[in-house]
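J.: Use these hints to put chain X onto chain G, whose structure you have.
Chains as they are written, first to last, in our numbering: chain G, 1 to 189; chain X, 1 to 506.
Reference listing, derived: stretches of chain X covered by chain G, where coverage requires no fewer than 3 residues with Cβ under 8 Å from a Cβ of chain G:
(1) 171–178
(2) 393–406
(3) 444–457
Hint data in this document are derived by calculation from the structure and do not stem from the laboratory.
Where is the CB? At the ideal position from N, CA and C, for every residue including glycine.
Each chain is listed here by its residues.
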Amino acid sequence: MESLRAVLAASALLVFAVTATNMATNFGVEARRLPLVVGVPLTVMALMNLVVVIRAERAAFGRSPRPVSVRAAADAEPTAPEALESTRLAALVSEAGLDEATEEGLSFSAAMLSVATVTGLFFLLGLIPAAVVYTIGFMKGVGKESWSKSLLVPTLLILMFWLFRNYLNVRFYRGWLVTEGFIPYVLPF
Amino acid sequence: MTEALLQGLANLTPYVLLWMTVGVLVSTVIAIIPGLGGVFAMVLMLPLVYTLTPEAGLAMLVGAMAVSGTGNTITGVLFGVPGSATGVATILDGYPMAKKGLATRALTAGLTASAVGGVFGAIVLAAILPVMRPLVLALGSPEFFMLIFAALVFMAFIGEGSMLKSLSSGFAGLMLSFVGLEISTATSRYTFGVLYLVDGIRLVPLFIGLFAVAEMIILLRKGGTIAPEEALSGARSQITEGFLDVFRHWRITLASSVTGVVVGIAPGLGAAAAQFIAYTQAMKLSKNGKNFGTGEVEGVIAADAATNSKDGGALVPTLAFGIPGSSAMALLLAAMIGLGVTPGPSMLTEDLDLVWMFIFILVIANVVGAALCIAFTGLFAKVTRVTASTLAPPILIISLFGAYASSRTLGDVWTAVVAGVIGYGMVRFGYSRATFVIGFVLGILLERHFLLSMRLYGFDFLRRPVTLGIALTIVAVIVLPVTARIVRGLRAPHQEERADDSAAAR
Numbered sequence: 001m002e003s004l005r006a007v008l009a010a011s012a013l014l015v016f017a018v019t020a021t022n023m024a025t026n027f028g029v030e031a032r033r034l035p036l037v038v039g040v041p042l043t044v045m046a047l048m049n050l051v052v053v054i055r056a057e058r059a060a061f062g063r064s065p066r067p068v069s070v071r072a073a074a075d076a077e078p079t080a081p082e083a084l085e086s087t088r089l090a091a092l093v094s095e096a097g098l099d100e101a102t103e104e105g106l107s108f109s110a111a112m113l114s115v116a117t118v119t120g121l122f123f124l125l126g127l128i129p130a131a132v133v134y135t136i137g138f139m140k141g142v143g144k145e146s147w148s149k150s151l152l153v154p155t156l157l158i159l160m161f162w163l164f165r166n167y168l169n170v171r172f173y174r175g176w177l178v179t180e181g182f183i184p185y186v187l188p189f
Numbered sequence: 001m002t003e004a005l006l007q008g009l010a011n012l013t014p015y016v017l018l019w020m021t022v023g024v025l026v027s028t029v030i031a032i033i034p035g036l037g038g039v040f041a042m043v044l045m046l047p048l049v050y051t052l053t054p055e056a057g058l059a060m061l062v063g064a065m066a067v068s069g070t071g072n073t074i075t076g077v078l079f080g081v082p083g084s085a086t087g088v089a090t091i092l093d094g095y096p097m098a099k100k101g102l103a104t105r106a107l108t109a110g111l112t113a114s115a116v117g118g119v120f121g122a123i124v125l126a127a128i129l130p131v132m133r134p135l136v137l138a139l140g141s142p143e144f145f146m147l148i149f150a151a152l153v154f155m156a157f158i159g160e161g162s163m164l165k166s167l168s169s170g171f172a173g174l175m176l177s178f179v180g181l182e183i184s185t186a187t188s189r190y191t192f193g194v195l196y197l198v199d200g201i202r203l204v205p206l207f208i209g210l211f212a213v214a215e216m217i218i219l220l221r222k223g224g225t226i227a228p229e230e231a232l233s234g235a236r237s238q239i240t241e242g243f244l245d246v247f248r249h250w251r252i253t254l255a256s257s258v259t260g261v262v263v264g265i266a267p268g269l270g271a272a273a274a275q276f277i278a279y280t281q282a283m284k285l286s287k288n289g290k291n292f293g294t295g296e297v298e299g300v301i302a303a304d305a306a307t308n309s310k311d312g313g314a315l316v317p318t319l320a321f322g323i324p325g326s327s328a329m330a331l332l333l334a335a336m337i338g339l340g341v342t343p344g345p346s347m348l349t350e351d352l353d354l355v356w357m358f359i360f361i362l363v364i365a366n367v368v369g370a371a372l373c374i375a376f377t378g379l380f381a382k383v384t385r386v387t388a389s390t391l392a393p394p395i396l397i398i399s400l401f402g403a404y405a406s407s408r409t410l411g412d413v414w415t416a417v418v419a420g421v422i423g424y425g426m427v428r429f430g431y432s433r434a435t436f437v438i439g440f441v442l443g444i445l446l447e448r449h450f451l452l453s454m455r456l457y458g459f460d461f462l463r464r465p466v467t468l469g470i471a472l473t474i475v476a477v478i479v480l481p482v483t484a485r486i487v488r489g490l491r492a493p494h495q496e497e498r499a500d501d502s503a504a505a506r
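Isolated chain G, as found in the complex (with noise of 0.2 Å):
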């Protein structure tokens, strides 16, 4: 799984310089000449890093345990359960892409979907109640912390955000919500 992310990582790169470099020859004349100097020696180092990506976990699958045959398998020594179960767990693992989190931390497909929260709640509500909603939600509900810190940090996040406001003149996103009318905004800054 992690030889098929690294391949995938190498390929995107090489699709946007394909497509990049494409794009610019239908650029006018003098638009086109910057990007095709770069865009063409990017394809080329695309594509070879492409090449040494897939010959890199091509060596690095070679060196694992090769499936072997019926006979030989027979031949063999029994594979203690354990060895089987660690193995087993080691694939799962791989494959919820755990492998760089620790035990306390979140999966990419959770930490995916924090980021996604956040962004869709400073969309909606806009920054102050986004700020309170998601820390006071991620800190009690994912990180099990106290009530009290749960509190302090988005009441020092306020703070800051009031700061700004009033010394700096900083204006802040209101949400949709507010701007089409939906809800009032009801906040003093």
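T.: The following block gives chain X in isolation, referenced to the frame of chain G:
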């Protein structure tokens, strides 16, 4: 020159110094948190820069940059955990010293060496200025165009990580900078009919996404607390001892500071290389070189002096040529361009007072940063006990706020989030974010110089002597390592055959 110096000094109003102190404080606290280095602190403060006066905004960023290596010393010595890649060498002797009960001495020596190194770097920058001016003014658009390309190639070949991936990242960043309207013909490039993209991808949300959002994703995945429970400390009387150690071992302090400056001038090497080169050098210079790694204070001094002195050196190509050698310099360059301050020849003529202001800021920030760290070590060390679930949510919120605040467009928020996911992927699969952002920042300058060169000389600009010399150097840097590898590969089977033959003969 004298007028610019005095004007630079006059720019240091209480307002400017206040924001410099804010930058120093924020950067010190953030640098203590492993994984979040000086660039992260600068990224978080970037949106604020545009709400302040140019002098105050740049003072805040330069102050943050100047002490980005200072906070590393605290976690490195107390917990054996590097704050960032620039804090690894400090651990080699700092942590063993702490285990022997000499933590306070190690901290004071390291922090004082950081301050001395930083001041030295600023002095060198001031000394180099009169030499750089005529050199920079003699160069034209063709030379700058080729220098920018050389900087990118250099970064990829001598920087960290895979050469091919680094170079690809740099060129991908260059490609991304072409999104928007082309400057001479106003042709729309890569906009896909989206109005937001007509102005191009903005620097602030891109930086915030790549460095802040991406780091928070990594932090969410790692989880837990940053440092273990136990924290070691020593008697307060070791403070004097540690302070004097830096001057007692003045040869090592000086040599390491010089190393840091030289490495800083070369784009791509960075503080990670500076600290290890200085450490190895100190091992040879010291009478106790054999004991390095077991708790020699000279090892701590060498690493920290080099880490901070490199900033003065790194500012030379950034300010004089507009070529940043690291992510921090690229960010500083982006901020300057956003404020209407153009690095390069005009920086050394019309805006020379700003350059002098940077020099004074480097000196003051290093001293203030070190003094704060020495005074509040215990308090700063507690920051490392914060859990990921306490740190990540507010930082994500601040990141989205920062992305929106720069131009009050929701598109910037989406840019930051998408850049965050891409940045996470880049870290995951070993693609350099540093070369990517340098390519992106340089793309704007590259196109400007390219267009000017074409207008003035046509393709003949490539035949100018200095331009041709730089181009040949680029080719040599690319071709020579590849050729050497091929030759080694061809020789290897013959050497194996000779080894087999001699074994058979025996």
